[in-house]
Amino acid sequence: MRRLTENIKIAFRSLFLNKTRSFLTMLGIIIGVGAVVAMLSIGTGAQDSVISSVQDIGSNLIIITPGNPEEGDQVMGPQMMFAGDTAELDEEDVRAIERDAELITEVSPVVFGSAVVSYLNRNTQPQVFGSNEKGMQLYNVELEKGKFYSKGDVSSSANITVIGQTVVKKLFNNIEPVGKIIKINGQNFRVIGTLKSRGTDSFGNDQDNIITIPVTTVQTKLYGSSSYDMILTQSISEESIDEATEEIKDILRRSRDIRIGEKNDFSVRSQTQILDIISTITNIFTVVIAGIASISLLVGGIGIMNIMLVSVTERTREIGIRKAIGATNRDILIQFLVESIVLSITGGIFGILFAVLISVIINNFTVLETSISTFPILIALSFSTVVGLFFGIYPAMRAARLNPIDALRYE
Amino acid sequence: MDNDGFIIKIRKMKKIYSIGRISVPALKGIDLDIKSGELIAVMGPSGSGKSTLMNIIGVLDTPTSGSYFLDGVDVGKVKDNELAVIRNKKIGFVFQTFNLLSRVNLFGNVELPLIYSRERLRDKKQKILEAIDSVGLTDWIRHKPNELSGGEKQRVAIARALVNQPSIILADEPTGNLDSRTGEEIMGIFQRLNREGKTIVVVTHEMAIARHTRRIIFLKDGRISGQEMVGNQLSAEEILEKMPKLDDVI
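Those protein sequence lines, which keep their order, are chains X and G.
Per my numbering, residue 1 is the first one in the first sequence, and the count goes up by one each step.
Per my numbering, residue 1 is the first one in the second sequence, and the count goes up by one each step.
Don't read these hints as lab results, they were simulated from the structure.
On a predicted model such as this, the values are computed, not experimentally measured, just so you know.
Fair warning: there could be bad hints in the mix.
Calculated cross-link-like contacts (lysine-lysine; reagent style DSS-like; alpha-carbon spacing at most 27 Å) [claimed, not checked]:
id, chain 1, residue 1, chain 2, residue 2
1, G, Lys12, G, Lys220
2, X, Lys9, G, Lys125
3, X, Lys9, G, Lys12
4, G, Lys144, X, Lys9
5, G, Lys124, X, Lys9
6, X, Lys183, X, Lys221
7, G, Lys14, G, Lys220
Sequences and hints are given; from them, build the entire structure.
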């Protein structure tokens, strides 16, 4: 134990003696460890914020989309939710759910799009969110001023809209927007309310750059289509969410005349299932990062081995002296092994500090959120220890095997 | 075993170096006994085998044949790791080129043998300070070797050789890199240590140095060609007194 502390002291002394060289050697490990920890912190941060924004959408939400990528083409990622397929969702489906579902409280069809919106000489191009009167409630969006459109407005395809804060800022500079007439794709719409700010989502998208319009108006007057991009529903309770999902599947199979044995041409997903998909994606991300990181740690390790071999040669005489004085082969082996481990652990610690710095910068200067957890730090540290051990063994063995007489004569 | 007061007993020792297919005999049959408490010199021209003999006596190397008993231990039958223990416990080396660790201060250099000593030492620091004191370098304890003169470096090396209280001190051309006055000083330290009971073997090619010891072994071509009991042993103290001091010269 005493000799171990002695060895650690020797190791630090020789690291400090060749500061530049030690730093350059550690750079591989610093970059490797720094990259893993930083990327994982970005990954975890993104995962956290995606999850919280999914949870933000509204509780007990069930989302029905056309097409069925899970049982058809293997599409991964966000497209999974909107995979275009020939099958479409329409009014029939909404009616069937409203009529037959017992475990569902609210239903709203949704159409997405974008449109050019103008007021006087100002214009902007926000996202269009077409829904019925329940849409905002399902989506957990709150009103700031005015009111939301009513069931009557939806059935009469009224030219009215509720606008988000970004649109308010861009079109109405200090002017009260509620009651004003704006043009959407050239048609007159009356602003009846404004939405509370929701900030940016986890992908950096501005969630306030949005206008909501009755879905019927969007279909007939803006895009001229009869299908929906998705149907939002809400189960009556958290416990019944899986049952409600199954119920909707049954109802839609019946209403869409899908025979037994045939695949669904639509998808029904609850929030929990979406969260599962997200974690699958982030896990793949993690594995890829780990792969890249292990390559850079490998390269860093080779750097350590290289410099340790140089160090053994340089210190041949020192090894000779130590051996003449009574150091065993094992003493020398341990001395150099400790040195390479100290080198790689120091690199690992610098790498972690580097990653923390990066993640703080990203947190403060970009829309991405990062979160540093202890797990990747521990993994990175133990990994760099193993690298030091593994790549230190060969040089240390060369040092240990030196013949003391030859070593003493070495100039 | 009974070592009859002999700390070193060498019988028919041969050492042959093989370089590729060529065999070079360095020692061709040496018989040598050294008593405990002796101060002895080994002399010979270069290539006579004195360095090889020194390395074998110092357990840095093993003989090709023959036997070597050091303090009753048959060194030929000892494994590598135990050889390191013998070097640590029984032998104190003093080299011509000092062989100090340049990055470590004086204290650390003298401490070195104790680091590799397997025993737990309670009075370790005391031992180091005593060894440094016995060569008169207490004031330099935190200095590094490159801040010292050649003679001072050699004194550090002697302190390092002493610190583990070995049975024998081996000095390989200890004055070879020093001026005559400093060399005298070093020999004075050896003579004093010998009076205190230490066994000391000095390898040298200078008769003037060898005459400080009590017995001189002459080596030639890998054999002992003769030995001489020194009648009028030189005293380093007396010589130093007669030498002009640095102050007188200036």
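How the hints compare with the structure:
1. With a CA separation close to 15 Å, the supplied pair Lys12 of chain G and Lys220 of chain G stays within the 27 Å bound.
2. A distance of roughly 18 Å separates the Cα atoms of Lys9 of chain X and Lys125 of chain G; the hinted pair therefore holds under the 27 Å criterion.
3. Between the alpha carbons of Lys9 of chain X and Lys12 of chain G the distance comes to roughly 45 Å, so the proposed pair goes past 27 Å and is violated.
4. Taking the CA atoms of Lys144 of chain G and Lys9 of chain X, the gap is near 16 Å; set against the 27 Å cutoff, the hint holds.
5. For the hint pairing Lys124 of chain G with Lys9 of chain X, the CA-to-CA distance comes to about 18 Å; that is within 27 Å, so the pair holds.
6. Of the supplied pair hints, the one linking Lys183 of chain X and Lys221 of chain X holds, its CA atoms being roughly 12 Å apart against a limit of 27 Å.
7. Among the hinted pairs, Lys14 of chain G with Lys220 of chain G is consistent with the structure: their alpha-carbon atoms are about 14 Å apart, no more than 27 Å.
Checked against the numbered hints above, the structure breaks only hint 3 and satisfies the rest.
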